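Enquirer: Please put together the full structure from these sequences, using the hints given.
Chains as they are written, first to last, in the numbering used here: chain A, -17 to 265; chain B, -17 to 265; chain C, -17 to 265; chain D, -17 to 265.
Be aware that a few hints might be false.
One copy or two, either will do: identical chains are not told apart, so a pair holds if it fits within one copy or between any two.
What the hints assert, rightly or not - Derived DSSO-like pairs (lysine-lysine); straight-line CA-CA distance at most 30 Å:
id, residue 1, residue 2
1, LYS260, LYS141
2, LYS192, LYS253
3, LYS260, LYS192
4, LYS113, LYS134
5, LYS68, LYS233
6, LYS253, LYS233
7, LYS253, LYS118
8, LYS233, LYS113
9, LYS252, LYS192
10, LYS192, LYS233
Calculated from the structure, these hints are not laboratory results.
From a predicted model like this one, the values you see are computed outputs, not experimental measurements.
Number of protein chains: 4
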Amino acid sequence: MSNAILLVSCPDHRGITAAITNYIFQHNGNILHADQHTDDQTNTFFMRVEWDLTGFDVPREKLVESFAPIAQKFNMEWSVNYTDQKARVAIFVSRHLHCLYDLLYRRQAGHLDCEIPLIISNHQDAEGLAKQFGIKFCHFSIMPDNKSDQEKRELELLKQERIDSIVLARYHQILSPGFVEAYNNQIINIHHSFLPAFVGQNPYDQAFRKGVKIIGATSHYVTADLDQGPIIEQDTVRISHRDELADLIRKGEDLEKMVLSRAVRWHLQKKILCYGNKTVVFD
Amino acid sequence: MSNAILLVSCPDHRGITAAITNYIFQHNGNILHADQHTDDQTNTFFMRVEWDLTGFDVPREKLVESFAPIAQKFNMEWSVNYTDQKARVAIFVSRHLHCLYDLLYRRQAGHLDCEIPLIISNHQDAEGLAKQFGIKFCHFSIMPDNKSDQEKRELELLKQERIDSIVLARYHQILSPGFVEAYNNQIINIHHSFLPAFVGQNPYDQAFRKGVKIIGATSHYVTADLDQGPIIEQDTVRISHRDELADLIRKGEDLEKMVLSRAVRWHLQKKILCYGNKTVVFD
Amino acid sequence: MSNAILLVSCPDHRGITAAITNYIFQHNGNILHADQHTDDQTNTFFMRVEWDLTGFDVPREKLVESFAPIAQKFNMEWSVNYTDQKARVAIFVSRHLHCLYDLLYRRQAGHLDCEIPLIISNHQDAEGLAKQFGIKFCHFSIMPDNKSDQEKRELELLKQERIDSIVLARYHQILSPGFVEAYNNQIINIHHSFLPAFVGQNPYDQAFRKGVKIIGATSHYVTADLDQGPIIEQDTVRISHRDELADLIRKGEDLEKMVLSRAVRWHLQKKILCYGNKTVVFD
Amino acid sequence: MSNAILLVSCPDHRGITAAITNYIFQHNGNILHADQHTDDQTNTFFMRVEWDLTGFDVPREKLVESFAPIAQKFNMEWSVNYTDQKARVAIFVSRHLHCLYDLLYRRQAGHLDCEIPLIISNHQDAEGLAKQFGIKFCHFSIMPDNKSDQEKRELELLKQERIDSIVLARYHQILSPGFVEAYNNQIINIHHSFLPAFVGQNPYDQAFRKGVKIIGATSHYVTADLDQGPIIEQDTVRISHRDELADLIRKGEDLEKMVLSRAVRWHLQKKILCYGNKTVVFD
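Expert: So this is what it looks like as structure tokens:
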């Protein structure tokens, strides 16, 4: 049994919902979930519809053609995905392995519906963990003078492994704009602060010196601007004067794991729509 | 400018969403919000649709007749409300006035879209506050031997004041089943515990003696079973061994105010659907 | 019945706790609460001790002299306060009255142990509320060319009313360094963001445009640097794409009220010690 | 470098803090942390003091004798522990392995200062995980007719492995009173509900049917009464009508892991004192 998921964004207009739901109904689809949102400031309409394909009379290879008249009429950006097509995800990691470990556990437990055929790192630390889970591990050391070449080789490898999405699970290298462009809105990062506070390096150290009473973590799509991409999810935890820097790092680990895994889960479930620097998350 | 809000629940079936959104579109309504949910266990479909009435060509007095064929086809329970018709709310309170005070402030600040023409109490404590806000205050002392008569008088008064909904803002009297029946799913209570823990009297005292590390508050619709009606909203706050009973009560006050006001706000916005002992809240 | 509260900070050293608790014990004081903390980075020791004065044999006017040898030995900064001496607090406010309203309610409910004899504003909006609670209201319009004079007059009034501490309950004027100096670590502000994110004006608007998934509020002591003083308390609340700017402002109100009132309560209970740009809060 | 940790509870009395801190000071100990609490209802005094043993002139084997006069004078229950003596912990688990996995990860990451030489289970599921972490795994199938014998064999094994504390990481067997007695206040359980709500079996199912808007997890010391022992830690997470039973279970996993690991960490750090059915946690 498989479902189709349609994601739509377009200028708001009378009749969009009716047109979409009618289309599905007339082709004998059974709608399981339908969410919509209108952003009043930009007058943009967003919709996610998921329907059961049992009995649906448009074959996959004909759907683009079949839906095109509606899409054109309302000037839609749209995509359709099928729940029986598992996304292939590569994880990039440096030396902190807790998020990697957590993602691998969650996939194994059935909470993340994807394949993870590849782990890439600029260090060797994750190699054992990759082996333990039977996942291909590739080490690409990144230096200022070889970064461009290494990214080219990484992109080839990603292509070869048919990778759809990339998760930066505490990967402490800045990807070049060209690399980011190749996986537009398909690269998810975890930043270990409550953005936009404490951009850049050592956010826990920054937070500790500032004397904040709450720390946070932020998961976002990667864009060419460091730590500035559309925010998908954030969460926070209370700290006190009793907490030393090591406690912030320890408490933050739990936040990072939960925030990143929620973002990845929603991404895989096609629940996220980006517009400008923001996201709609149909949780 | 006014909107219509349609609430629907019915057995799940192919084509419901299409039928409803088509109906609105064909009568020239512009859908602003549409939320739906299907409960898999009971196979029940729920929908809330809000549309702009500008240009909508079905006059209010004809809507029931006009929508009836769709409602009958899918065996719907349904209701329609208009945002320009403000609900009239009566608040019942005993001696703890913080929730009353909070509701009155929020209404004044424009966060609760209703009229509050009446405050009823079994004590005199709230009289000054009622006067301060220019609201009619009626005192009904409740004794075991006069309860039935007093409730009858209260119901007459509520009718006379054309009250739609009742908020029990720490009203420490149990309403009789007949009274509850008269305002089915229109009476909202705040219980000062995380239900189903600590039902009944003195929940903070129960929590303190139990040694819990978190306390809560619960807002629910009132049914004939004490503290057992459909839960609308809950929230919790952390406590520690340093907190004495008075601290639980003080910290709980903030919870109660927030939880009750959220529930009342959603109720007024027609965002809540009840089914069995549960609620769907289209927040 | 009254208690004494001793606050101490000094370089960390063997024997400080023993010296202080011995002093109190030998003078027949009964310790009710004792909290200490050592900041490892600066090697600073902090302590708060509260003891019952019943039977304590050092009269208040002799305490400074009596405790001096211990204080000198350990090079302490210290102060002693008595719970029967209520602090006198002035509230500064501009046009948003929710925090003012909330503080006045909490004082009336017995949750803030202070006197509030004075409300100062650069607008007229709070006058009615001040009257309702029987509190003196003084309007000082602030313009670029009269600010210095007006602050001088405010300081005279504060002196005349014997004000100990000032709460900026959404007061949208920057106090001059000289004014801040006169009430060093005695002025508490509420900033409607999760500092250090969204410093300055219109933080909800900044948050909305940034697309964050959580908003916050921060209470801090006021220093000469705008929104940079030692943070006392913060809290956060979740938002989503469904929340418009008005929803952020509404949800933020609850945060601001709770965060500010907690900070003021701890300040009044002498539970806060400042060091550098940080606070120790012995909650 | 090693510290000593003294835990004391006794009837409240003038001079206890002074007596303890003096004792440490006069023997040349340097106090690092000192926390105290007085329970007003039972007039009980609690204290935790941690001091640096460098230069402390009472050898470990003499400490009981040396401290006895103070302990007797104030009628103390007391214990002393040393941070260089790692507790030996056995984990009991059934078929849900997420808490076990999490505890093993945290110990490996250095967040739990203990040895874990033994995993006991009434199922085989955890065997692979035990092997992966190089920990002895023992399977004891529990049937109504062999329970008593099996517990006897388990106790012998625990003794042989010099186990100090036991963590029930989703162990779905009720320990007999005799077993519990042998490890009084040394057995920590995780219950997957916000106790006292949803005692016993299938708490997520109970929560789902009740329609609560928040679920929780509770870690507590095990006593002879099922799910009634002193609560150490609780936490909660928000759910909605969109969450099915499987979502409650998935969201609850994160809660269970965090709540249990916090409780175990505090237990190992000797930060918990029990009294009656409550705990003091000097976090």
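Enquirer: Kindly indicate which numbered hints from before are broken by the structure, ordering the numbers from low to high.
Expert: No hint contradicted; all consistent.
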